[in-house]
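Following the hints, complete the assembly by docking chain B onto the known chain A.
Taken in sequence, the protein lines are chains A and B. The opening residue of the first sequence carries number 3 in the working numbering; numbering runs sequentially from there. The opening residue of the second sequence carries number 3 in the working numbering; numbering runs sequentially from there.
Misleading hints may appear alongside valid ones.
Where chains are identical, the list cannot tell them apart; a pair therefore holds if satisfied intra-copy or between any two copies.
What the hints assert, rightly or not - Quick list of in silico lysine to aspartate or glutamate cross-link-like pairs, EDC-like style, CA-CA up to 20 Å:
| # | residue 1 | residue 2 |
| --- | --- | --- |
| 1 | LYS159 | ASP391 |
| 2 | LYS159 | GLU393 |
| 3 | LYS159 | GLU75 |
| 4 | LYS326 | ASP207 |
| 5 | LYS382 | GLU250 |
| 6 | LYS326 | ASP53 |
| 7 | LYS146 | GLU124 |
| 8 | LYS146 | GLU81 |
To be clear, the hints were calculated from the coordinates, so they are not data collected in a lab. None of the values given here were measured: they were computed from a predicted structure.
2 protein chains.
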Amino acid sequence: MNAEIIAIGSELLTPFRVDTNSLHLTAELNRLGIAVTRKCVVGDDRAALRDALAAAMERAQVVIAIGGLGPTEDDLTREVAAELLGRKLLRDDDVLRGIQERFRRFGRQMPEVNARQAMVPEGGVVLPNTRGTAPGLWLKVRDKILVLLPGPPNELKPMFADSVVSRLAARAPARRLVSREMRITGLPESDVDQRAAPIYTQYTDVQTTILAAPGEIQLHLLYWTADEPRAQTVLKEMVERISMALGEAVYSVNGESLEEIIANELNAHAATLAVAESCTGGLLAQRLTSLPGSSSYFRGGIVCYSNDIKSAWVDVPAELIEAKGAVSSEVAVALAEGIRRSSSSTLGLGVTGIAGPGGGSTEKPVGTVHIALANTGGAKERGFRFPGDRERVRLQATQAALDMVRRYFLYAK
Amino acid sequence: MNAEIIAIGSELLTPFRVDTNSLHLTAELNRLGIAVTRKCVVGDDRAALRDALAAAMERAQVVIAIGGLGPTEDDLTREVAAELLGRKLLRDDDVLRGIQERFRRFGRQMPEVNARQAMVPEGGVVLPNTRGTAPGLWLKVRDKILVLLPGPPNELKPMFADSVVSRLAARAPARRLVSREMRITGLPESDVDQRAAPIYTQYTDVQTTILAAPGEIQLHLLYWTADEPRAQTVLKEMVERISMALGEAVYSVNGESLEEIIANELNAHAATLAVAESCTGGLLAQRLTSLPGSSSYFRGGIVCYSNDIKSAWVDVPAELIEAKGAVSSEVAVALAEGIRRSSSSTLGLGVTGIAGPGGGSTEKPVGTVHIALANTGGAKERGFRFPGDRERVRLQATQAALDMVRRYFLYAK
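Just chain A, with the same shape it has in the complex:
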């Protein structure tokens, strides 16, 4: 069973707004075993809306149209839907009384325009709106369903939960979506695919999607099935085989973020961490503290954006910076060891590099980053050359730094 979502509103065709209602609806629909096969945004335009509705009704079993149910002349969804389906729009007196009542509760009289919101296409089921004046509509069209929902998320969400989920569940297939998400770092997308494809292509029932983010590849395995236990077994086997092929680069097999994986390791080992970061400018600390409860393992961080601050706050000898340069493996190690000592943490991370766009040289171009991880026994250092702009270099540097902590615990056991 498949669905299409149409978001209606000219503001959604500007550079400033994106439809996010469809993300919520997709999660709800998937839970019911219904896949979303297309999404579309049209403006408050009669012809475009009619065309989009007609095309979607041809392709999908369920069509959900969001918005355009307000009281103004821009709000065309009711009219266009009735016209497309060849049904009369009739005034529903119960709905009208409900709207009038709502205005009365807020001490106002219903403006005449709002009477439009009481118009219902013949045969339509009214979906009550507990948070606003625009009722939704459930329209059965032969063996297909057209649902009209209001645009404000705080009206749409409860209406979908209260009036649409149960109606769809009654028609939804036994088939459900079972999924796994693997996350990989330290390998480029093409390498991941080259190693994983010979495996995932053997599983023709599983839809595999590869997604690249800065410093990270995600592998989404989706299995639509009526036999959930079997699907779980199949996905488990796939995850194990792909993990074997990709090795240590796989950091998560259940969609956890790198921050979460590290948090678990640090907590499990009763270890603490502190960071001294230059080019990442606080992003590393911010990622580490983005999780609730991070104070149990994160001691603190220093953003040492100038050489004298590196010396004054993290005890990096000025002569070392002079001799080797601020962006060097030696300074990364000094940062890691200095911050570990001064914070009395189990581990210290030091990051120094050139995020760009300025500051690069032939020898040390933009994207050059040195990262060191220190424990009581010493420090391990790695040098990187990350592609991309300032934001991307910073993201990749934090990803590599967090990954060094993760790999440390692979061997610390």
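For chain B alone, kept in the frame of chain A given last:
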């Protein structure tokens, strides 16, 4: 002249990802006088993609398809476009050499799968990709244009700027979009609208959109016109009138971020800044260092996530924390003054609070944040109670902290 945008990728039909590339493209297209009349998302599905491309090519003069140009089997856009237009796919040896060269630069050999990215539909113009391996394509189809762009924003944006804008400009109409963006902080959306609406409703040629983000309201003023000088005059007048109505809460009248506004002020006053932050965990430093050249005014930051670190690194007396609590106006002031002193900066910012979800109490609930700004003459402190989850509280706290720096310079002149 109108355009449609098709975003391609099964991940965009999951609850986890939303297409945001189209926002950037819409802004660029509008600037060229081209309106976006429809947006669509399809999965990595040959039939759906073909159908979406064909329908869009019927309706619009310009069709932009994003994604599906990668090296994997999921990436179908090149093939489907060639098939739809009835053109052969030919290997472009220059493109192939470019991809091989790119891999060599990063010290690797090109995996065989990437050769697919060198296939070009007959008559297609290759759009170079300076940031990745997937070249874009410009296809002229009778009097219409089909543009294929890679999905990663850091590849799409420069490619569009470098290779698409000039080609489209040559075909674009005289009518242009002239726009202004005002940014406001410290006032809720309803207040902004109540004060601004009596003004902007008088300008019926200007389309005004209000957008709320954490700790910020944006006012977008859009004017489609062939008479740009007149439009600029009208918008200038509107911006001045709305600025009068909203007062100091307006921090930007040309869309600059708060970071940029502060950077300009700090540079103009040859002033420097350092931060000591607790609940924002590095986000404040990260925002301040997100701009190139920030080292000229940002000295450094300390993320003091535990009480002993606040004392050891920022000289906050342990007795003060004991007496007043870590989340208090007194500790915020001590952080601001301590960090200013130890970094020898003109200004010091101190932030302490409870981001949640844990750690709140009746007296100091989640969202309680104290922020202080110190200069040589002393410190100014403010207390806040921000609504929302951990991420939202942290965002609002950094916004308020940066705004205190901005307001300082309003009176420092």
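Status of each hint after checking the structure:
In this assembly of identical chains, the alpha carbons of LYS159 and ASP391 lie at most 20 Å apart only when taken from different copies (12 Å versus 32 Å within one copy). With identical chains, the CA atoms of LYS159 and GLU393 are at most 20 Å apart between copies only, with a shortest distance of 14 Å across copies and 27 Å within one. Taking identical chains as interchangeable, the C-alpha atoms of LYS159 and GLU75 are never at most 20 Å apart, the minima being 24 Å within one chain and 37 Å between chains. Taking the shortest Cα distances, LYS326 and ASP207 never come within 20 Å of each other, neither inside one copy (55 Å) nor across copies (61 Å).
For a Cα distance limit of 20 Å, the shortest separation of LYS382 from GLU250 inside one copy, 18 Å, qualifies, whereas the shortest one across copies, 50 Å, does not. Proximity of LYS326 and ASP53 under a CA criterion of 20 Å is satisfied in neither setting, with 66 Å inside one chain copy and 59 Å between copies. Proximity of LYS146 to GLU124 under the C-alpha cut-off of 20 Å is restricted to the intra-copy arrangement: shortest distance 16 Å within a copy versus 42 Å between copies. In this homomeric assembly, LYS146 and GLU81 come within 20 Å of each other (Cα to Cα) only inside a single copy, at 19 Å, whereas the closest approach across copies is 33 Å.
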